[in-house]
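> Spelled out from the first residue to the last, the chains are:
Number of protein chains: 2
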Amino acid sequence: MSSVSQDTITLADYVFARLHQLGIRSVFGVPGDYNLRLLDFVEPSGLHWVGNCNELNSAYAADAYARIHGVSALITTFGVGELSAVNGIAGAYAEKAPIISIVGTPARATQEARTNVHHTFADGDFDRFAAMHTHVTIAQTNLLDPRTAPEQFDVTVQQALIHSRPVYIQLPADMVDVKVSAAGLKSKISLPPTAYGDNESKVSGRILELMHSAKKPLIFVDGESRCLDILDEINELVKITGWPVWTSPFGKGLVDEHLESFQGIYNADLGSENAKTYFESADLALVLGPHFSSTNTALFSTIPKQAISISFSERHVKIGTEITRDVSNKKLVANLLDQLDCNKISKSEALSKPTKVKPSVESSGSLTQKDFYRVINPMLKPGDIIMGETGTASHGTRDLVLPRGSYYFTAVTWLSIGYMLPAALGASMAQRDSEKWRNRSGSTDASEDRVVLFIGDGSLQMTVQEISTMIREKLNIIIVVINNDGYTIERVIHGRKQTYNDIAPWRYLQALNMFGADEDEVFMEREDAQGLLLKLLNNQRARESSKI
Amino acid sequence: MSSVSQDTITLADYVFARLHQLGIRSVFGVPGDYNLRLLDFVEPSGLHWVGNCNELNSAYAADAYARIHGVSALITTFGVGELSAVNGIAGAYAEKAPIISIVGTPARATQEARTNVHHTFADGDFDRFAAMHTHVTIAQTNLLDPRTAPEQFDVTVQQALIHSRPVYIQLPADMVDVKVSAAGLKSKISLPPTAYGDNESKVSGRILELMHSAKKPLIFVDGESRCLDILDEINELVKITGWPVWTSPFGKGLVDEHLESFQGIYNADLGSENAKTYFESADLALVLGPHFSSTNTALFSTIPKQAISISFSERHVKIGTEITRDVSNKKLVANLLDQLDCNKISKSEALSKPTKVKPSVESSGSLTQKDFYRVINPMLKPGDIIMGETGTASHGTRDLVLPRGSYYFTAVTWLSIGYMLPAALGASMAQRDSEKWRNRSGSTDASEDRVVLFIGDGSLQMTVQEISTMIREKLNIIIVVINNDGYTIERVIHGRKQTYNDIAPWRYLQALNMFGADEDEVFMEREDAQGLLLKLLNNQRARESSKI
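Sequence lines, in order, name chains A and B.
One point on numbering: in our numbering, the residue at position 66 of the first sequence is 66, and numbering is uninterrupted.
One point on numbering: in our numbering, the residue at position 397 of the second sequence is 397, and numbering is uninterrupted.
It cannot be assumed that every hint is accurate.
Pairs count within a copy or across copies, as identical chains cannot be separated in the list.
[Unchecked claim] In the EDC-like style, the derived pairs of lysine to aspartate or glutamate whose C-alpha atoms are separated by at most 20 Å in a straight line are: (1) K179 x D502; (2) K381 x E322; (3) K381 x D371; (4) K497 x D40; (5) K344 x D283; (6) K436 x D256.
FYI, nobody ran anything at the bench for these hints, they're computed from the structure.
Same shape as in the complex, but just chain A (with noise of 0.2 Å):
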């Protein structure tokens, strides 16, 4: 073998092994006619192949991926595949999912000849699709040339990772087996410096001024800390400092809810008197991750005063409404758990814990939108990925008391709703393949990882089919649907009467069985009382269920 040849590598190769070194062990996607050959390259280089119902299941799901493992890909076929697609991948970009979204391609020739293949409008134009995706990905490049290849791969995926957000990368069908150079995969895409200065220290002297200074300080922790890496230091913080600490809807889950400080979401006019008492009158805000969209923000009644706000975001640190540039959050908030003097910092004032209602089974009466996820919050237990859908089950389960080490999808942004359900398959993939995630949550047994999705039967109706995709996979998922007959959500916004928003009426607990599942894999019930539905939370065999 030449010198030569030892270096060289197929581009398909490529892309997978780069792949597999971002820890990535299970591609989404549909086959089409332009993916095929790569598609042969998946299973080969030790990812797992997991093929969806249709593309914006796969889209969902890999969205979940990446916001459980960091990072996701996804490969769909031109044209139809990607355009299925499209709206999972704007809701990435618009709540921060990295999805490295492959796409194959015609042939070099046949784009370049104009041919009028099918997948396209006949008309010998292949670019609008691309051009369609620069407006909901952050980076995009086509992979037509072996000899800059590799390294168009390598600067894309790095985008997505420093952004937290989808890319698009087309690979024609007639480069999957092309030799392209393997020296990159030596060594790992990794993320570049923040800069080559120090705004760290620049910042971190002001802000250690502040937070030594401060009678009645807070820390609001919003949904996009997450991508700032910096959950660890933040978990630190709260211990450290023992400030009260409120999240977004955004940001429930990413602190640990056992903290002595904990407060729970942050609600404004809809919270606790004694917490809206607090917030307004802090004269300091740590605000970590902010993301102020108006469904995560209670209509921005929840954002707390620029003019005392700290906030840590991927763009910028501002103090007040001063912006710095080019700093790193990690290194930022380490220097400030390394510096700050406890003896200095204000020990806050009692601010009574948030009456909670200490979740329980025993109730009486009717079974209440409220009362129903207090009921349920006991069977939750750490290592959880608990989701709850757009619509009424996003804010049941808000009030959700999150065990150690479990993670939380909530509605936020950009609020699609059929979203949960494929995205309860990717969460549940990433638990099985993450080593990120076992390292987060603590778990030593993945087998006894769970996904518990609470979703209403107008979602659900929306992608049902990836029921059968979980069931392929024999994952450990509990399915709660809450059948309260249509849109219950836009009953609540507009039309409470309305026929528009009825939906055909299912029968729900059928649906396990016809997607391909034996009876002895998954269990069922129906639920419409209290009791039976105490029987559901100790029933040990759960595995796939569905309350109705």
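Fit chain B to the supplied structure of chain A, relying on the hints for placement.
The following block gives chain B in isolation, referenced to the frame of chain A:
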């Protein structure tokens, strides 16, 4: 009431009155926060709201409704809804189905203030999704101003009708109730004259000359003939000339298959030797509505030679390589029919009819792909809409002999699997609603009209939930599921034994019941042998059935 108020109407009422004038009776879509108020006006306008399970399914259904009725309407919500539908819109663009896609968007004040509401990327940008739609629609407009909204709507819809392609219309939530001028409603939206000259006479002289002198003429009917509004004229042309007529797959069903000189789909090397010899030595080809994608032309092998072709398409009439624009095909073909001298034209050499195996329920041995369609052919009847989903069903159904007054869908260029099931819903709604369909099919009893869908298991899984809408609407649809355990058409192309072409095994027989049908409403049967198949064919109860 003042004269001013008499002449005004809410924008929503204006829009729906227009749809009603176009003969549209059912509107497809999914409710969402930004279209709820708009939906309040649908049913009061005399339109039926078909709430689909998800937006891609709505777009597919609207596509088929447009192909049968000539135009259709779809309502989705900003961001999540419209992007879920966009692959269906793209397919309608590729294969020419005029969908009026109306997107409910946030109120103008919200957009102008760049408020970070849900269904955005929380970056104040409200223009991305419209920009994406410029690639897949023929015209776009945003109804922001009451003074111009009615005319904007009208000219945009007119573009859909002219080009037979989807258009994209944004309607902000606060514009729904705004009063606009009702003056436009007095006249229907109509097609403009092609031009004010008389290009038709100019070219018809030249074409008649060629028709009168041709020794070996043929007629080739392709799928875009549907959009030229000349189907009656084409059938007349075939009748009076007696010239052999072939179609493309896309053109199948547009010309009466029982006419004496009807030859079937032209298949070049893959068809009969006789047909090929004639086709290749012909000295004149009248090419109607050409749509020359690879998949519609057996890899470009069935395209009549340009030198002997006169082609009639939306943009121009082409004699050889000579293009004349701004021609009304309808007027031109009428001129030809009027002025053609039947004594002068070639009676064409006797062309033996293709050796067609007579459709029959008698057969023996095991059931092959070829046998299956031959055996099932006699169950088809006038007024049926017959649909062959992308994959083996598409190839199999091409051999069916279509009853008079039926219509045929097959995969042509977009080939998005999953399309055909929601399309069956849309086609069936159009059968029920459309006066245009009744005129075409000659159906006297709409309740007897049926849709017969042939679909593979892989395709079915993509969009299966739309069966529930069929059940809810009590439509007369027969679904024949060709269960061949995976993406068989992909196995033929590449990866015959690869696991990525596998799909999950479902229990298809349970689907109808699970999706809400009562047992006395539907009929299902699993078939795996010839005898059982015959039973299915003879079963008069067959309303919705499932062949597995």
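> Next step is simple, just say for each hint if it's right about the structure.
Here is how each hint holds up against the structure:
For a Cα distance limit of 20 Å, the shortest separation of K179 from D502 qualifies neither inside one copy, at 55 Å, nor across copies, at 29 Å. Taking CA atoms no more than 20 Å apart as the test, K381 paired with E322 passes in neither setting, with 42 Å inside one copy and 75 Å between copies. Proximity of K381 and D371 under a CA criterion of 20 Å is satisfied intra-copy only: 19 Å inside one chain copy versus 57 Å between copies. In this assembly of identical chains, the alpha carbons of K497 and D40 lie at most 20 Å apart only when taken from different copies (11 Å versus 52 Å within one copy).
In this homomeric assembly, K344 and D283 come within 20 Å of each other (Cα to Cα) only inside a single copy, at 16 Å, whereas the closest approach across copies is 98 Å. Taking the closest pair of Cα atoms, K436 and D256 come within 20 Å of each other only inside a single copy of the chain (17 Å); across copies the shortest separation is 64 Å, beyond that limit.
Checked against the numbered hints given earlier, the structure breaks hints 1 and 2 and satisfies all the rest.
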